[in-house]
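Taken in order, these protein sequences are the chains called A and B.
Counted from 1, the first sequence has number 102 at position 103 by numbering that gives the first Met the number 0; the numbering is strictly sequential.
Counted from 1, the second sequence has number 213 at position 214 by numbering that gives the first Met the number 0; the numbering is strictly sequential.
Source of the hints: derived by calculation from the structure; they are not laboratory data.
Backbone N, C-alpha and C fix where the C-beta goes; we use that ideal spot for every residue, glycine too.
Worth double-checking, as some hints may not be accurate.
Stated by the list, open to error - Straight-line Cα separation of at most 30 angstroms, DSS-like style, residue types lysine-lysine; simulated pairs: (1) A:K78 to B:K153; (2) A:K53 to B:K9; (3) B:K10 to A:K27; (4) B:K10 to B:K79; (5) A:K58 to B:K10; (6) B:K221 to B:K57; (7) B:K201 to B:K57; (8) A:K87 to B:K192; (9) B:K25 to B:K79; (10) A:K53 to B:K153; (11) B:K9 to B:K30; (12) A:K87 to B:K10.
Said to hold, decoys possible - Now the stretches of chain B that chain A is said to cover, found in silico as 3 or more residues with beta-carbon under 8 angstroms: (13) 12-18; (14) 90-96; (15) 118-130.
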Amino acid sequence: MHELGIVFYIIRDVKEVAEQNGVSHVSKVVMNIGEVSTVVPEYLTDCWRWAADKEELLKGCELEVIVTDAVTVCNACGKEYPTVEHGKNCPFCGSTDTVLLRGNEVEIKEIEV
Amino acid sequence: MDGVRIIEIKKSVFENNEIDANNLRKELKSKGVYLLNLMSSPGSGKTTTLIRTINLIKDKLRLAVMEADIDSDVDAIKIKEATGVDSIQLHTGGMCHLDAEMTRQGLEGLPLEGLDLAILENVGNLVCPAEFDTGSCSNAMILSVPEGDDKPLKYPLMFSVCDTVIINKIDVMDYFDFDMERCRRNILSRNPKARIIPVSAKTGEGMEAVAQWLLEEVRLWKAQKA
Numbered sequence: 000m001h002e003l004g005i006v007f008y009i010i011r012d013v014k015e016v017a018e019q020n021g022v023s024h025v026s027k028v029v030m031n032i033g034e035v036s037t038v039v040p041e042y043l044t045d046c047w048r049w050a051a052d053k054e055e056l057l058k059g060c061e062l063e064v065i066v067t068d069a070v071t072v073c074n075a076c077g078k079e080y081p082t083v084e085h086g087k088n089c090p091f092c093g094s095t096d097t098v099l100l101r102g103n104e105v106e107i108k109e110i111e112v
Numbered sequence: 000m001d002g003v004r005i006i007e008i009k010k011s012v013f014e015n016n017e018i019d020a021n022n023l024r025k026e027l028k029s030k031g032v033y034l035l036n037l038m039s040s041p042g043s044g045k046t047t048t049l050i051r052t053i054n055l056i057k058d059k060l061r062l063a064v065m066e067a068d069i070d071s072d073v074d075a076i077k078i079k080e081a082t083g084v085d086s087i088q089l090h091t092g093g094m095c096h097l098d099a100e101m102t103r104q105g106l107e108g109l110p111l112e113g114l115d116l117a118i119l120e121n122v123g124n125l126v127c128p129a130e131f132d133t134g135s136c137s138n139a140m141i142l143s144v145p146e147g148d149d150k151p152l153k154y155p156l157m158f159s160v161c162d163t164v165i166i167n168k169i170d171v172m173d174y175f176d177f178d179m180e181r182c183r184r185n186i187l188s189r190n191p192k193a194r195i196i197p198v199s200a201k202t203g204e205g206m207e208a209v210a211q212w213l214l215e216e217v218r219l220w221k222a223q224k225a
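Kindly generate the complete structure, drawing on both the sequences and the hints.
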């Protein structure tokens, strides 16, 4: 259900871009999905197929998902580390004063027309 | 075959919603209506907690409630019958959350003139509602004892976006492996500034603190310059 809501947002944005560029059919949409974004790529592409085929502009349009790595930075020692492996605790100094740097994005990278 | 053309977009799918949410916040500020977004799992006692709270504060400010669910209007009717305040039901049409545009449309159904506080009871779900800014002035969530003290670890985003966490059903704590101190630590690891209020909406324990917190929030917000 969560992914379906996101699919509707993607469709809205793609329609807007298509209109601005005078595009009548989109063949591919490429997404950057962060590995800690809580979006499941398989569910997203399933929901996409169902919803996109209902739109003239997006019939048969492929959704490609690029999963981007999550990186956290430690405020205490300044080092960066992979979020999925270590979570909130810095593996270098043990501090929990850490901030997610990237990896929660749900972004439309580009479309092919 | 026609050549393929690539159009770069590089845009977050949440961007439009964030713009809508910020516009709604400005509009609410100009009207002097405080919007609270209340979230939780299904069955955490959100509606019962809300009824208790409303009955404690309804003589001190003017408020109304928006109930968001996938279907049915049982919650809106329950609130109206138990408190007498205006309550409307929003249907999300199968969606698991409300976004800023849906919230704005819902607010149109309330008598905003002269209103101090609008409470949005979001869809019962700890994942999606956390991702979509509704345009609210603050976010609160209800965690109930049977759900476990480790919920903040399992749903990190929900606990990092909430300013206030109400821990409900403390009257049954003896029957569950729920450690209040561990729960506090887990919540604060997600949001060090979170306000935590333990209550039992059933017995009424702690409910006075919820009422005080909400009255104070609205008072401070109204005192702030736009």
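Hints, verified against the model:
For the hint pairing K78 (chain A) with K153 (chain B), the CA-to-CA distance comes to about 25 angstroms; that is within 30 angstroms, so the pair holds. As the CA atoms of K53 (chain A) and K9 (chain B) are separated by approximately 24 angstroms, the hinted pair is consistent with the 30 angstroms bound. Between K10 (chain B) and K27 (chain A) the CA atoms are separated by roughly 16 angstroms; this keeps the pair inside 30 angstroms, and the hint holds. Taken as a hint, the K10 (chain B) and K79 (chain B) pair is broken in the structure, with Cα atoms around 42 angstroms apart against an allowance of 30 angstroms.
Taking the CA atoms of K58 (chain A) and K10 (chain B), the gap is about 22 angstroms. The hint holds against a cut of 30 angstroms. About 17 angstroms separates the Cα atoms of K221 (chain B) and K57 (chain B), which keeps this hinted pair within 30 angstroms; it holds. This hinted pair checks out: K201 (chain B) and K57 (chain B) have alpha carbons roughly 19 angstroms apart, not beyond 30 angstroms. Of the pairs offered as hints, the one joining K87 (chain A) and K192 (chain B) holds, with about 17 angstroms between alpha carbons and a cut-off of 30 angstroms not exceeded.
Taken as a hint, the K25 (chain B) and K79 (chain B) pair is honoured in the structure, with Cα atoms around 28 angstroms apart against an allowance of 30 angstroms. Taking the CA atoms of K53 (chain A) and K153 (chain B), the gap is about 35 angstroms. The hint is violated against a cut of 30 angstroms. With a CA separation close to 35 angstroms, the supplied pair K9 (chain B) and K30 (chain B) exceeds the 30 angstroms bound. Between K87 (chain A) and K10 (chain B) the CA atoms are separated by roughly 27 angstroms; this keeps the pair inside 30 angstroms, and the hint holds.
Closer than 8 angstroms: that is the beta-carbon criterion, and the region 12-18 of chain B has 4 residues meeting it against chain A, so the requirement of 3 holds. Only residues whose beta carbon comes within less than 8 angstroms of a beta carbon in chain A count, and the region 90-96 of chain B has 4; three or more means the coverage holds. Counting residues of the region 118-130 of chain B whose C-beta lies closer than 8 angstroms to any C-beta of chain A gives 3; at least three are required, and the coverage claim holds.
This entry does not satisfy hints 4, 10, 11, going by the numbered hints stated previously.
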